Amino acid sequence: MLANLGFFSVLFTLLAALFGAGASAYGSLRRRAAFVESGRHAMVLAFPLLSVSVICLELLLTQGSYQVEYVSAVTSRAMPVYLRITALWGGQPGSLLFWSWLMAAFATAASLRRWDRDRDLLPGVTLVTMGTLAFFLLLVVGFENPFARLWQTADGLVETAMFAPAGSLPFVPVDGQGLNPLLRHPGMIIHPPMLYLGFVSFVVPYAFAIASMMTGRSDDRWIRLTRRWALVAWLFLSLGLILGGRWAYDVLGWGGYWGWDPVEIAALMPWLAGTAFLHSVMIQEKRGILKHWNMVLIILTYALVIFGTFLTRSGVLSSVHAFAQSAIGPLFFAFIGLTFAASLALLLRRWGELRGENQLDSMLSREAFFLLNNLLFMGILAVCFLGVIFPLISELVTGQKVTVGAVWYERITGPLWAGLLLLMGVAPLSAYGRSSWRILGSSIWKPAVAAGVVVAALALAGMRMPGALVGYGLASLAGFVALYEFGRGAWARRLRHGENLVTALFRLAARNRRRYGGYVIHLGVVLMAFGVIGIENFQTQTQGTLSQGEALTMGRYSLVYESLAEFDTPDGRNVARAVVSVYRDGDFLGELYPRRDYFYESEQPMSIPGVRSSLEDDVYILLVSWEPVGVGAATFKVYRNPLVNFVWWGGLVFILGTLVAAWPEREALPLAVARRQRPAFAGGRLR
Amino acid sequence: MRQAHSAWLWLAAGLALALTASPVAGQTPVPSDDEVNAIAKGLYCPVCENIPLDVCGTQACRQWREVIREKLAQGWTADQIRQYFADQYGMRVLDSPPAAGLNWLIYIVPPLAIAGGGYVLARTIRAWRRAPVPARPQPAAQDPYVAQLEEEVRRRS
Numbered sequence: 001m002l003a004n005l006g007f008f009s010v011l012f013t014l015l016a017a018l019f020g021a022g023a024s025a026y027g028s029l030r031r032r033a034a035f036v037e038s039g040r041h042a043m044v045l046a047f048p049l050l051s052v053s054v055i056c057l058e059l060l061l062t063q064g065s066y067q068v069e070y071v072s073a074v075t076s077r078a079m080p081v082y083l084r085i086t087a088l089w090g091g092q093p094g095s096l097l098f099w100s101w102l103m104a105a106f107a108t109a110a111s112l113r114r115w116d117r118d119r120d121l122l123p124g125v126t127l128v129t130m131g132t133l134a135f136f137l138l139l140v141v142g143f144e145n146p147f148a149r150l151w152q153t154a155d156g157l158v159e160t161a162m163f164a165p166a167g168s169l170p171f172v173p174v175d176g177q178g179l180n181p182l183l184r185h186p187g188m189i190i191h192p193p194m195l196y197l198g199f200v201s202f203v204v205p206y207a208f209a210i211a212s213m214m215t216g217r218s219d220d221r222w223i224r225l226t227r228r229w230a231l232v233a234w235l236f237l238s239l240g241l242i243l244g245g246r247w248a249y250d251v252l253g254w255g256g257y258w259g260w261d262p263v264e265i266a267a268l269m270p271w272l273a274g275t276a277f278l279h280s281v282m283i284q285e286k287r288g289i290l291k292h293w294n295m296v297l298i299i300l301t302y303a304l305v306i307f308g309t310f311l312t313r314s315g316v317l318s319s320v321h322a323f324a325q326s327a328i329g330p331l332f333f334a335f336i337g338l339t340f341a342a343s344l345a346l347l348l349r350r351w352g353e354l355r356g357e358n359q360l361d362s363m364l365s366r367e368a369f370f371l372l373n374n375l376l377f378m379g380i381l382a383v384c385f386l387g388v389i390f391p392l393i394s395e396l397v398t399g400q401k402v403t404v405g406a407v408w409y410e411r412i413t414g415p416l417w418a419g420l421l422l423l424m425g426v427a428p429l430s431a432y433g434r435s436s437w438r439i440l441g442s443s444i445w446k447p448a449v450a451a452g453v454v455v456a457a458l459a460l461a462g463m464r465m466p467g468a469l470v471g472y473g474l475a476s477l478a479g480f481v482a483l484y485e486f487g488r489g490a491w492a493r494r495l496r497h498g499e500n501l502v503t504a505l506f507r508l509a510a511r512n513r514r515r516y517g518g519y520v521i522h523l524g525v526v527l528m529a530f531g532v533i534g535i536e537n538f539q540t541q542t543q544g545t546l547s548q549g550e551a552l553t554m555g556r557y558s559l560v561y562e563s564l565a566e567f568d569t570p571d572g573r574n575v576a577r578a579v580v581s582v583y584r585d586g587d588f589l590g591e592l593y594p595r596r597d598y599f600y601e602s603e604q605p606m607s608i609p610g611v612r613s614s615l616e617d618d619v620y621i622l623l624v625s626w627e628p629v630g631v632g633a634a635t636f637k638v639y640r641n642p643l644v645n646f647v648w649w650g651g652l653v654f655i656l657g658t659l660v661a662a663w664p665e666r667e668a669l670p671l672a673v674a675r676r677q678r679p680a681f682a683g684g685r686l687r
Numbered sequence: 001m002r003q004a005h006s007a008w009l010w011l012a013a014g015l016a017l018a019l020t021a022s023p024v025a026g027q028t029p030v031p032s033d034d035e036v037n038a039i040a041k042g043l044y045c046p047v048c049e050n051i052p053l054d055v056c057g058t059q060a061c062r063q064w065r066e067v068i069r070e071k072l073a074q075g076w077t078a079d080q081i082r083q084y085f086a087d088q089y090g091m092r093v094l095d096s097p098p099a100a101g102l103n104w105l106i107y108i109v110p111p112l113a114i115a116g117g118g119y120v121l122a123r124t125i126r127a128w129r130r131a132p133v134p135a136r137p138q139p140a141a142q143d144p145y146v147a148q149l150e151e152e153v154r155r156r157s
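The listed protein sequences derive, respectively, from chains A and B. Going by this note's numbering, the first sequence opens with residue 1, and the numbers climb by one from there. Going by this note's numbering, the second sequence opens with residue 1, and the numbers climb by one from there.
If you're looking for bench data, these hints aren't it; they were derived computationally from the structure. Keep in mind that the hints are not guaranteed to be accurate.
[Stated by the list, open to error] Under the rule of at most 35 Å between Cα atoms (straight-line distance), these lysine-lysine pairs were calculated in the DSBU-like manner:
1) B:K71 <-> B:K41
2) A:K401 <-> B:K41
3) B:K71 <-> A:K286
4) A:K286 <-> A:K446
[Stated by the list, open to error] Take a look, some chain A residues computed to stay more than 12 Å from chain B by CB distance:
5) G22
6) R114
7) V172
8) R246
9) G329
10) F340
11) L344
12) A345
13) L371
14) L372
15) L615
Here the structure is a predicted model, which is why all the values come from computation and not from measurement. For glycine and all other residues, C-beta sits at the position ideal for the given N, C-alpha and C.
Whenever a hint applies, use it, and build me the whole structure from the sequences.
Below is the structure:
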């Protein structure tokens with residue numbers, strides 16, 4: 001019953017999406033407003049209809065209805081309820097339904113906005129959002145149906161089908177296989193929804209961009225309408241990446257957070273294009289230039305969103321993330337090709353109308369630096385893209401599979417990241433329009449001197465690695481520039497309004513949330529850069545086999561193996577848990593409990609590190625192997641990860657900055673009121 | 001007879017000493033886990049993709065790490081061991097493809113693409129700076145309030 005209801009809800013949503021896209025296209029071509037409005041109604045319907053399906057699947061998952069194949073594949077009796085709920089995105093069919101549901105939510109939200117002033121954009125927005133939704137629902141209905149059930153045929157075979165094959169009976173397994181153990185972590189529970197939210201919310205700015213080109217508008221209205229959508233999309237993508245990193249650090253047991261795995265890169269690529277877009281649109285808003293380029297960037301971001309989903313869902317790649325593979329690759333490939341080609345064709349058709357209203361006045365202007373920023377982001381994106389597809393090209397051309405690993409990515413993208421840090425230090429102090437070395441130099445010298453002091457202090461403290469010194473110098477410059485901008489603005493407010501510095505600081509940020517939110521984001525990036533440079537350059541590791549009571553020494557730390565216990569848990573795991581005492585310079589710091597969980601159902605081991613965290617470093621211990629309890633020896637791998645917590649703290653600051661930037665500004669007063677209140681023009685923006 | 005007997009005794013003692021002493025004299029120290037991991041870090045697990053061999057927890061990878069230990073004990077260099085694994089399991093076990101044949105692409109394309117992008121950007125900027133742009137009304141010639149108002153209206157339109 002629930003399975004049928006869920007399936008038919010998906011089917012009806014698919015029909016509604018197809019109708020919405022078709023009616024909008026027809027209404028737009030024939031100038032029939034009723035069809036356009038009807039298409040919008042279909043868009044309104046999408047979310048409630050698909051919610052019925054999601055609720056049905058959640059009920060099936062939590063009730064343990066194992067006749068439904070998906071339920072038996074991702075849940076088991078031993079799993080707690082919260083994991084059964086999150087199993088919605090624990091496998092391929094559920095993930096695609098979940099993706100579609102979020103897409104429907106954003107489409108419905110977009111449909112409910114006030115369209116009075118932008119009626120001309122509505123058909124295009126409906127066409128794109130409903131078209132994208134229809135594609136994903138087609139995959140759900142036709143290829144990855146989460147409601148398909150198990151049936152036992154007359155000859156004893158078990159088949160999967162939505163409806164009973166002739167002569168078959170329902171087959172209900174006694175228990176399910178359970179969720180992939182790697183996915184039973186809080187980070188992984190939240191990480192996919194965040195990424196999906198980021199992915200689907202980037203569809204909205206893309207839809208408005210396409211709609212704008214369809215109508216032939218050359219203004220930046222589509223950017224202003226979707227500025228917050230884009231920021232929210234970027235926020236979710238960033239959150240997804242950070243949480244994914246934390247999950248890898250806690251669960252994958254290799255001492256790091258980013259392994260340049262193709263699936264990690266699949267999520268990074270739309271983020272890179274989106275970040276370039278967020279910077280570039282500011283130039284269009286301020287100066288009326290880069291209209292073509294912004295269209296290219298949003299088209300690219302959308303294509304990479306679909307490409308990222310294709311990489312993770314099609315099975316074209318195999319990695320630790322590729323837990324769900326299926327044969328939907330060609331369809332994805334066709335969809336990406338079709339939408340990309342159609343978008344570019346539309347852009348070429350409108351090329352003339354999208355000519356800039358201004359010119360670039362100086363190579364040292366903010367716009368020029370933003371263009372350089374875009375070049376670097378695009379460079380990193382190109383490297384990532386090549387690294388992901390090269391193994392496929394190699395396999396196609398030579399028949400030999402190759403691995404493009406972290407070493408290659410780090411070597412090639414390292415200078416580009418450094419260039420971005422430099423631009424983060426320089427660009428905020430450059431002026432729009434005309435600028436010169438003298439103007440730039442007069443504002444940058446103070447932060448530059450402060451950054452130089454940091455580098456000198458590090459060198460005096462014994463740091464000799466040129467790469468690390470350059471990295472810390474550039475990160476410090478970017479950090480000091482952001483702080484300098486805050487300080488300069490707050491000081492000006494203090495002088496002008498007589499506010500104390502703290503009040504001035506908050507009001508400054510509140511008055512121009514986008515700008516100062518951006519600086520907070522930069523500060524977050526600086527903190528993350530400190531962490532990344534620390535772990536990349538100064539991580540140490542050792543491995544050794546210890547008898548009980550023996551110690552392993554690494555730098556100032558020594559680790560004493562105390563004991564090991566092995567036991568079964570009610571949720572189907574065999575746990576081997578070691579007790580290790582950690583000392584630093586002979587002082588006892590505490591006990592750590594690295595363990596190895598073995599999941600009987602999936603026959604999968606999982607290493608959970610014991611971690612002692614401080615702002616200075618993490619001591620990260622893994623239990624590699626052990627002899628039977630009683631004999632006593634165990635092998636441990638130990639990492640010292642300097643400054644790694646700056647990555648997580650920086651991530652928090654980064655998210656906080658994005659929230660500040662995305663937070664709605666207070667509505668401006670009507671002009672007449674403003675004039676009454678401020679009879680004389682005093683500079684700055686009208687309020 | 002007695003002399004012959006003692007000669008045999010000396011010979012037996014010498015042999016016993018040689019037998020017990022020779023393994024010690026010829027034995028190389030067993031390579032440490034850290035030495036093994038230093039090489040395993042540059043190799044990828046041949047069966048579970050995209051996991052470096054030094055951190056892979058499967059039984060098969062443990063055995064491959066022991067192979068590295070054996071090879072190191074036999075005096076093999078890191079490059080010889082990498083080549084051995086590549087010969088046994090294919091190029092995909094190497095952390096980055098050797099610069100040969102088609103693989104040159106991934107070493108040449110990124111710098112060329114970035115340099116090309118920089119060139120295109122520089123040319124575009126230069127062309128932009130030369131290109132005449134239709135003159136916009138000069139705000140300075142107007143009342144500043146009106147100019148600001150027009151700007152705000154333009155933004156909100």
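Going down the list of hints, with the structure as the test:
Between the alpha carbons of K71 (chain B) and K41 (chain B) the distance comes to roughly 16 Å, so the proposed pair stays at or under 35 Å and holds. Our distance criterion of 35 Å between C-alpha atoms is met by K401 (chain A) and K41 (chain B), whose separation comes to about 19 Å. Among the hinted pairs, K71 (chain B) with K286 (chain A) is inconsistent with the structure: their alpha-carbon atoms are about 64 Å apart, more than 35 Å. In summary, the hint linking K286 (chain A) to K446 (chain A) is supported, as the alpha carbons are separated by about 27 Å, within the 35 Å threshold.
With a minimum CB-CB distance of about 31 Å to chain B, G22 (chain A) clears the 12 Å threshold, and the non-interface call stands. Separation of R114 (chain A) from chain B is adequate, the least Cβ-Cβ distance of about 14 Å exceeding the 12 Å criterion. Look at V172 (chain A): its CB is around 33 Å from the nearest CB on chain B, clear of 12 Å, so calling it non-interface holds up. The claim that R246 (chain A) lies off the interface holds: its Cβ sits roughly 17 Å from the closest Cβ of chain B, which is beyond the 12 Å cut-off.
Separation of G329 (chain A) from chain B is adequate, the least Cβ-Cβ distance of about 17 Å exceeding the 12 Å criterion. Distance to chain B confirms F340 (chain A) as a non-interface residue, since its nearest Cβ pair spans about 19 Å, more than 12 Å. Consistency note on L344 (chain A): stated as away from chain B, and its beta-carbon is indeed over 12 Å from all of that chain's, at 17 Å minimum. Every CB of chain B is more than 12 Å from the CB of A345 (chain A) (nearest about 22 Å), matching its label as outside the interface.
Under the 12 Å C-beta cut-off, the non-interface status given to L371 (chain A) relative to chain B is violated; the minimum distance is some 6 Å. The non-interface label for L372 (chain A) is inconsistent with chain B: the shortest C-beta to C-beta separation is roughly 7 Å, within 12 Å. Once the 12 Å rule is applied to beta carbons, L615 (chain A) is consistent with being away from chain B; the minimum gap is 25 Å.
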